[in-house]
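One-letter residues, chain by chain:
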Amino acid sequence: MKISRDDVLRVAELAYLDLTEAELQTYRAQIDEILEYIGKLNELDTSKVEPMAQVLATDQHADATLREDLVVPCAVAEDVLHHAPDPEPPYFRVPKVIER
Amino acid sequence: MPATWTIDGLKESLAAKKISARELLADFYKRIEANNPELNAFLALTPERARRQADKIDALIASGSPLPPLAGVPVAIKDVISTRGTKTTCGSKILENYVPPYDATAVERLEAAGAVVLGKTNCDEFAMGSSNENSAYGPVKNPLAPDRVPGGSSGGSAAVVAAGLAVASLGTDTGGSIRQPGSFCGIPAMMGSYGRVSRYGLIAFASSLDRIGPFATKVRDVAAILQTIAGRDPHDSTSTTAAVPDYLAEVAKPLKRPRLGIPKEYFAEGMDAGVRQKIEAGIALFRKLGCELVEIRMPHTDYAIAAYYIIATAEASSNLARYDGVRYGLRVPDDSLLTMYRKTRGAGFGPEVKRRIVLGTYVLSAGYYDAYYLKGQQVRTLIAEDFRDAFTKVDAILTPTSPVPPFKLGERTSDPLQMYLADIYTVTGSLAGVPGISVPCGKIDGKLPVGLQIFGPAFGEARVLQLAHAFEQAGGADV
Numbered sequence: 001m002k003i004s005r006d007d008v009l010r011v012a013e014l015a016y017l018d019l020t021e022a023e024l025q026t027y028r029a030q031i032d033e034i035l036e037y038i039g040k041l042n043e044l045d046t047s048k049v050e051p052m053a054q055v056l057a058t059d060q061h062a063d064a065t066l067r068e069d070l071v072v073p074c075a076v077a078e079d080v081l082h083h084a085p086d087p088e089p090p091y092f093r094v095p096k097v098i099e100r
Numbered sequence: 001m002p003a004t005w006t007i008d009g010l011k012e013s014l015a016a017k018k019i020s021a022r023e024l025l026a027d028f029y030k031r032i033e034a035n036n037p038e039l040n041a042f043l044a045l046t047p048e049r050a051r052r053q054a055d056k057i058d059a060l061i062a063s064g065s066p067l068p069p070l071a072g073v074p075v076a077i078k079d080v081i082s083t084r085g086t087k088t089t090c091g092s093k094i095l096e097n098y099v100p101p102y103d104a105t106a107v108e109r110l111e112a113a114g115a116v117v118l119g120k121t122n123c124d125e126f127a128m129g130s131s132n133e134n135s136a137y138g139p140v141k142n143p144l145a146p147d148r149v150p151g152g153s154s155g156g157s158a159a160v161v162a163a164g165l166a167v168a169s170l171g172t173d174t175g176g177s178i179r180q181p182g183s184f185c186g187i188p189a190m191m192g193s194y195g196r197v198s199r200y201g202l203i204a205f206a207s208s209l210d211r212i213g214p215f216a217t218k219v220r221d222v223a224a225i226l227q228t229i230a231g232r233d234p235h236d237s238t239s240t241t242a243a244v245p246d247y248l249a250e251v252a253k254p255l256k257r258p259r260l261g262i263p264k265e266y267f268a269e270g271m272d273a274g275v276r277q278k279i280e281a282g283i284a285l286f287r288k289l290g291c292e293l294v295e296i297r298m299p300h301t302d303y304a305i306a307a308y309y310i311i312a313t314a315e316a317s318s319n320l321a322r323y324d325g326v327r328y329g330l331r332v333p334d335d336s337l338l339t340m341y342r343k344t345r346g347a348g349f350g351p352e353v354k355r356r357i358v359l360g361t362y363v364l365s366a367g368y369y370d371a372y373y374l375k376g377q378q379v380r381t382l383i384a385e386d387f388r389d390a391f392t393k394v395d396a397i398l399t400p401t402s403p404v405p406p407f408k409l410g411e412r413t414s415d416p417l418q419m420y421l422a423d424i425y426t427v428t429g430s431l432a433g434v435p436g437i438s439v440p441c442g443k444i445d446g447k448l449p450v451g452l453q454i455f456g457p458a459f460g461e462a463r464v465l466q467l468a469h470a471f472e473q474a475g476g477a478d479v
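Protein sequence lines, in the order shown, are assigned to chains A and B. Read in order, the letters of the first sequence are residues 1 to 100 in our numbering. Read in order, the letters of the second sequence are residues 1 to 479 in our numbering.
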């Protein structure tokens, strides 16, 4: 077994994700099977291989230049707040975080 | 009125005043009204926006002004791509009421070129899936075989074009999500090189893999759409400044006896016999067209699915952290902030998305990062090197798009790993960042479409399109 019930609980906690008991069991079994399959990567010796986070850095044609950091008008605040679940313009309201 | 319009045919009819953009639009909405309840391919329509744009085109025609390249072309947009003022749900309950305050660059460019946006298309939730059955809004049916899936994740975008409900559409491809539905719905579908098309306004799934690309009924039209959306965008630092060639001019050029690689690893066991027969007939047609066919090796192909599902889920778990019920989308109220997060995400995400968040968080978590995430990135290097080596020997690579023809609705939903394995031929090019197209390559028993995939080197879109066009013109769709 690659992944235990406790592992799934721990990971769901890290991801702030509520799972039902049924989901917990199903995902544990399915992810276990997927990790078992992924284990085939260990057939490859990659000790001297550089990891690739994205393709652009190593591509000669790519020229992912950064634009200048200019202030431009972006009058969407009202629109954004209008569609928020609990707006209190100009803020988003959330449940109390700090205990008195 | 023709059942299927091409961009050229449509432009000619508009310019000759045989039809107005407004009439054309009305006809398309009539087709949608008649067919969409069965197909479930459109999630939302944008009639006001479309009429405003059609009126602009009609005004240009009336005044005798030159028409922009996509004047009056009715297009559909996958629902992971932002449209200002129109709901963009990503096929998810968590964004059921999300209305973006801006347009994606690709959408803006289509409209600037005269295209008319008809509406938003159904897809797997957050583009995670290969059958469109992971949409929170119900599956899409394959217009060529209604008991079968249209492929995924851009199933709606493929289905609307195949059913004649739009002339072209935009999809997104992370591991095959444009090419595979193109194959399943019997139309050409293309993913440009990573960095070719701006992702500004694309709601992220896996940022090092996500790409936007077109569906159309002819390769020429795929080229015309790519032409419009390609090129540097200051809003997306991963869009490159590499010059965009004139794809339409390139497509029409005759082939100069190109060398095409047939990678042995793509023809191993696991391929449906009907698919194999069509792909072999397709390859024979390329030989007839004067291409030189060379057997090549791409030794790390068999490891691509494993590497892909580590990298894609890791990036997804990070990208989807933003759905917390605070700024947009669903909120399940609670007195505690952290419980509000957990409940919102638990209620808002569907099963496949939750599964991938758990897997992605696991492979990134302390103690497992090196064994999984780092290993996946190292194997990604090896797969990219397979492509680099291949392109020192050949001009392009031919493979099947999918090992299987469109499967039946519900047939594969209970086994996620089996569903993942269906992406075997497409994820390689995704990891390597190269361009790829799926072109129709016959139908099994005259019924189930097969797609042939052509990979080119990075920024070799013109070559890929040229080969696909030559194949199509030579009768590739009927091999």
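Think of the hints as simulated: they come from the structure by calculation, not from any bench. A couple of the hints might just be wrong.
[Stated by the list, open to error] Restraint-style ranges between C-beta atoms, simulated for each label pair:
1. A:72 <-> B:207: 19 to 29 Å
2. B:408 <-> A:22: 21 to 31 Å
3. A:21 <-> B:335: 38 to 48 Å
4. A:75 <-> B:294: 35 to 45 Å
5. B:96 <-> A:81: 28 to 38 Å
6. A:22 <-> B:237: 36 to 46 Å
7. B:38 <-> A:83: 43 to 53 Å
8. B:256 <-> A:25: 30 to 40 Å
9. B:22 <-> A:25: 49 to 59 Å
10. B:47 <-> A:22: 39 to 49 Å
11. B:366 <-> A:22: 49 to 59 Å
12. B:38 <-> A:98: 52 to 62 Å
13. A:40 <-> B:97: 36 to 46 Å
[Said to hold, decoys possible] To list a few chain B residues with every Cβ distance to chain A over 10 Å, as calculated:
14. 262
15. 270
16. 290
17. 328
18. 335
19. 343
20. 474
From the three backbone atoms N, C-alpha and C, an ideal C-beta is built for every residue, glycine too.
Quiz item: Looking at the structure, which of the earlier hints fail to hold?
Solution: Hints 3, 4, 5, 7, 8, 11, 17, 18 and 19 not satisfied by this model.
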